[in-house]
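These protein sequence lines are chains A and B, in that order.
Residue 93 in our numbering sits at position 93 of the first sequence, with consecutive numbering throughout.
Residue 26 in our numbering sits at position 26 of the second sequence, with consecutive numbering throughout.
All the pointers check out, no bait thrown in.
Once the Cα atoms are required to be at most 20 Å apart in a straight line, the calculated PhoX-like pairs of lysine-lysine come out as:
id : chain 1 : residue 1 : chain 2 : residue 2
1  : A       : Lys42     : B       : Lys102
2  : A       : Lys56     : A       : Lys68
3  : A       : Lys42     : B       : Lys7
4  : A       : Lys98     : B       : Lys102
5  : A       : Lys56     : B       : Lys102
Just so you know, the hints here were simulated from the structure itself, not pulled from any lab data.
Just so you know, these numbers come straight off a predicted model, no measurement behind them.
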Amino acid sequence: GESVGLHLPTLSVQEGDNSIINCAYSNSASDYFIWYKQESGKGPQFIIDIRSNMDKRQGQRVTVLLNKTVKHLSLQIAATQPGDSAVYFCADSYNFNKFYFGSGTKLNVKP
Amino acid sequence: SAVISQKPSRDICQRGTSLTIQCQVDSQVTMMFWYRQQPGQSLTLIATANQGSEATYESGFVIDKFPISRPNLTFSTLTVSNMSPEDSSIYLCSVGGVPDEKLFFGSGTQLSVL
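Isolated chain A (complex conformation) (with noise of 0.2 Å):
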């Protein structure tokens, strides 16, 4: 049968600036969020996790924003460079129990 692939939203940005990846969750009751990156071939990779307790978490060059009130979570990139580009997923659970996957975004940085 035929294979219809969806093409993923892509976000492009100058090496050097700040980008910022929107996700969406559905369930309220999720209390943990992790955002992945993706290279091509490669299974996800773990980048930075958010509780629900929390509202904002700092890692190495990269910030999560999470509000639960309009369930949205954001991943920010500090000073974007040519081996951040991949694709990004953010994921949710609830009381991890199983982990649900967003769509995902394309990060193509220019150089």
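Use these hints to put chain B onto chain A, whose structure you have.
Below, chain B alone, put in the same frame as chain A:
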């Protein structure tokens, strides 16, 4: 983080055959999951692999098509049965509870069905 080994990394199979994918972790883990990622799409949870009992399947996935084993806390297999071209996807093993309940992924199995 745990080291996750998934085999095979890729395979090309004929319609109607079955393929078993293995996932081996270098430490005992609480949770093991199997995901499917169709071309250009996000990850879809197939099932939770439960140690010593039947897997818990998500809506749209059934045991007859995707039998799963988990004999211990470090190993699981996913079989894709009676394959058709629509099964062409990347299949990913993931583990959690190591040690602080993060979820990590293997490198995946690229399956092409002719």
